[in-house]
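Enquirer: Sequence:
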Amino acid sequence: MAAMLGAGGLAIGTPANQAFAESKINNLQKEQEKLQQERSGVETDINKAGSEIEQLQKEQKDVQAEIKRLDLAISDAQTKITEKNEQITKTKEEIVKLQEEIKVLKERIEKRNELLKDRARSFQETGGAVSYIDVLMGAQSFSDFIDRVGAVATIMEADQSILEEHQADKELLEEKQNAVEEELASLEKMLADLKQLQKELNSQKGEKDKLMASLEKKEEQKHAEITDLEEQKEILAAQTAAVQKAIKLEKQRQAEAARKAAQAAAAAAAAKKNNSGSSSSSSGGGQQVSAPPVAGGAFTRPSAGRLSSGFGPRWGTFHYGIDLAAKGSVPVVAAADGVVIRSYYSSSYGNAIFVAHSIDGVVYTTVYAHLSSRSVGSGAVVSKGQQLGYMGNTGQSYGQHLHFELHRGEWNASKSNAINPVGIVPL
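Just so you know, the sequence shown maps onto residues 13 to 439 in my numbering.
Hints listed in this document are in silico derivations from the structure and should not be mistaken for laboratory results. Accuracy of the hints is not assured; some may be wrong.
[Claimed, not checked] List time: in silico DSS-like cross-link candidates among lysine-lysine, alpha-carbon distance up to 25 Å: (1) K129 x K182; (2) K220 x K230; (3) K102 x K188; (4) K245 x K42; (5) K73 x K60; (6) K230 x K245; (7) K80 x K217; (8) K80 x K222; (9) K229 x K73; (10) K245 x K234; (11) K129 x K118; (12) K104 x K118; (13) K104 x K115; (14) K257 x K272; (15) K70 x K80; (16) K427 x K60; (17) K188 x K123; (18) K230 x K60; (19) K188 x K104.
Bear in mind the structure is a predicted one, so any value in this text is a computation, not a measurement.
With the sequences and hints as input, model every part of the structure.
Expert: Dropping the structure here:
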């Protein structure tokens, strides 16, 4: 446990060592404060995203109401278009009937025209009205004259009647033609206006449909954003708990180191007083782990396998870690002593383990992703080289490998603390 959070066996008694130990505690406490601030920021972002979702849902409701209005208007326009088409069809049928009537009128008018032409020719040949005088003057008696006057009046009245009927038929023909043509033109204009209205309404509805799809997509993105923020929040909360545990363990380590230092000082003083010495040696066996072998120094290699992808730009994005690839059942081990921040399944990382480390007063975080299985839980204290699980292909992964990240400080969503493990972790 003492080795987990610093150089084990460090003497605490000297002022320099005491100051260094206090510095490590202060660094951990500062890291804890920073994590709490980040958690507060993430909580604010979650609330903001929630408010944005509410606004998006309100906008969707308004757009849905507008789409409903447009649907009703389009339906109404279609009903009217159907009615106008029926009226136009009926009017055209009336026109066909009217054309038959017009044909009869035209024949009647044509006959009258011939009759009137014959009368005109007769008037021309006989001198027109003079012929009536000749008729009257040719009477043989007064009674005959009276009869002839009546006959002439009857003929003139008939001619006048023909003219009046002729004019009336012409006016009726023009009136019927104008009325039907006006009605047909009016119906066709209304139909054209309705079709234009329907076209505009369909266009408006198309725009509203696009807007609705855009709002739904934005809401979906916001829900995904909240999911990511909730995951970040949980990781930050777990990191805070891990750092609290690290502070506690560091204090215990310092107390144990101070106790051993006091015992050593007392033993040295007693030996000097008795002018005698003693020596002892001890040996202990570390935990037996599978390959890779545990290296000296602060870090060890997290798994066997070739370095298939490095730290840096990749596929149009930035790769904030390294990939170690190998076949078979490949153990994954802790790269350094530490506290498990979180052991869980992530949609992107797959089976993942986050571990917090305190090395010479500096906080580091390591991430082990895409594991096939996990053998430690959140909050567990692990030692360097301790098995965490097995290499796998879970989450957003293409082929079995270990995605390994090293952060100088806490892990965050932007991965602003990520550093290249090459040169720090023996690979």
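Enquirer: Please go over all the hints and tell whether each is borne out by the structure.
Expert: Right, here's what the structure says about each hint:
1. K129 x K182: Between K129 and K182 the Cα gap is close to 17 Å, so the pair holds against 25 Å.
2. K220 x K230: 15 Å, holds
3. K102 x K188: The given pair, whose Cα atoms are some 16 Å apart, holds under the 25 Å limit.
4. K245 x K42: Distance ~18 Å between K245 and K42 Cα, so the pair holds.
5. K73 x K60: Holds - the C-alpha atoms of K60 and K73 are around 20 Å apart, at most 25 Å.
6. K230 x K245: 22 Å, holds
7. K80 x K217: Cα-Cα ~9 Å, so holds.
8. K80 x K222: OK: K80 and K222 at ~14 Å, within 25 Å.
9. K229 x K73: 15 Å, holds
10. K245 x K234: Holds, at roughly 16 Å.
11. K129 x K118: 16 Å, holds
12. K104 x K118: 20 Å, holds
13. K104 x K115: 16 Å, holds
14. K257 x K272: 22 Å, holds
15. K70 x K80: 15 Å, holds
16. K427 x K60: Within the cut-off at roughly 22 Å; holds.
17. K188 x K123: The hint holds at about 20 Å.
18. K230 x K60: 14 Å, holds
19. K188 x K104: Holds. K188 to K104 sits at ~13 Å (cutoff 25 Å).
Checked against the numbered hints given earlier, this structure breaks none of them.
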